[in-house]
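Protein sequence lines correspond, in order, to chains A and B. Note that the working numbering numbers the first sequence so that position 18 is 18, with each residue one more than the last. Note that the working numbering numbers the second sequence so that position 53 is 1053, with each residue one more than the last.
Hint data in this document are derived by calculation from the structure and do not stem from the laboratory. The reader is advised that the hints may include incorrect statements.
What the hints assert, rightly or not - Cross-link-like lysine-lysine pairs, in silico, DSSO-like; alpha carbons within 30 Å at most:
| # | chain 1 | residue 1 | chain 2 | residue 2 |
| --- | --- | --- | --- | --- |
| 1 | A | LYS20 | A | LYS64 |
| 2 | B | LYS1049 | B | LYS1061 |
| 3 | A | LYS41 | A | LYS20 |
| 4 | B | LYS1099 | A | LYS64 |
| 5 | A | LYS20 | A | LYS66 |
| 6 | A | LYS14 | A | LYS41 |
| 7 | A | LYS64 | B | LYS1068 |
| 8 | A | LYS41 | B | LYS1068 |
| 9 | B | LYS1049 | A | LYS41 |
| 10 | A | LYS20 | A | LYS55 |
| 11 | B | LYS1068 | B | LYS1099 |
| 12 | A | LYS41 | A | LYS64 |
| 13 | A | LYS66 | A | LYS41 |
| 14 | B | LYS1099 | B | LYS1049 |
| 15 | B | LYS1068 | B | LYS1049 |
| 16 | A | LYS14 | A | LYS55 |
| 17 | A | LYS55 | B | LYS1099 |
| 18 | A | LYS20 | B | LYS1068 |
| 19 | A | LYS66 | B | LYS1068 |
| 20 | A | LYS14 | A | LYS64 |
| 21 | B | LYS1099 | A | LYS66 |
| 22 | B | LYS1061 | B | LYS1099 |
| 23 | A | LYS66 | A | LYS14 |
| 24 | A | LYS55 | A | LYS66 |
To be verified - Among chain B residues calculated to face chain A with C-beta under 8 Å, some are:
| # | residue |
| --- | --- |
| 25 | ARG1022 |
| 26 | TYR1025 |
| 27 | GLY1028 |
| 28 | ALA1029 |
| 29 | GLY1041 |
| 30 | GLN1042 |
| 31 | GLY1043 |
| 32 | LEU1044 |
| 33 | TRP1083 |
| 34 | ASP1085 |
| 35 | LEU1100 |
| 36 | PHE1102 |
| 37 | THR1104 |
| 38 | GLY1105 |
A virtual CB, placed ideally from N, CA and C, is assigned to each residue, including glycine.
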Amino acid sequence: GAVVSQHPSWVICKSGTSVKIECRSLDFQATTMFWYRQFPKQSLMLMATSNEGSKATYEQGVEKDKFLINHASLTLSTLTVTSAHPEDSSFYICSASAPGRSSSYEQYFGPGTRLTVT
Amino acid sequence: AQSVTQPDIHITVSEGASLELRCNYSYGATPYLFWYVQSPGQGLQLLLKYFSGDTLVQGIKGFEAEFKRSQSSFNLRKPSVHWSDAAEYFCAVASNTDKLIFGTGTRLQVFP
C-alpha cells in the first residue's frame, strides 16, 4: 500500500517549451503533496507543498510562475515547468501524505522524473 | 530552526561488515525521525521511522536505528552489510509544519 507514481519517468524537452509532470497516489487519498528537486549527488530540496483544492505554497526562492503546481484531486498533483531552460534540468520527486493512514508527518515518495532541457 | 546533519558524506565498507550511519538533528520538541534510502535514479524508500516509544527502532532490510535524545542523534545501523545496500541514505526530521527536513545524505559503497 501507499504507492505513489510519477509520469513520465524521464523527459527531454527543448529550451523554451513547457513540460508537465504528474504525481498520483494509487491506493490512497493524498490530502497533501510535496514537490522536491534534487541535483546530482545532493539532497532533496523542497519546492512547494500543495493541498487538494488550494493554491500551492512555495518555498523561498522558488519561482511560482515558472513551476506551476496544480492539485486538482486527492490522487493527482501536477508540476508544470514553464519556458524550461537548461538550468531547470534536474530530478524532480513528488511525495504524498495521508493523515489517518499512518501519521501526517510520513510521506510516501514517487520514483522521480528526470528532466533534461536541451 | 530545525536541521539535520549527516557528518559522513561517503562511507565505504566491506560486504559482511557492520555499518553505522550518523545523524544528528536540531529540533525543540519531540522529533519525528526518518531514514530513507535512495538507489541511483530512483525515488526514496522508507527504511524506518521513530515517532515515540521504544528508542530502538527496527526497519526493513535488517536496518535499525536508535534515538538518543541526550545526544540529539538517530544513527542507522546494520550488523552485516550486503552489496545490494550500496545506495544513498538520507536522515530526515519532520517539522511542525508537516515538512520533512533532510540531511545532506551519506553515500554507502560496499566492497565485495
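Hint by hint, which ones does the structure fall short of? 7, 18, 19, 25, 26, 27, 28, 33, 34
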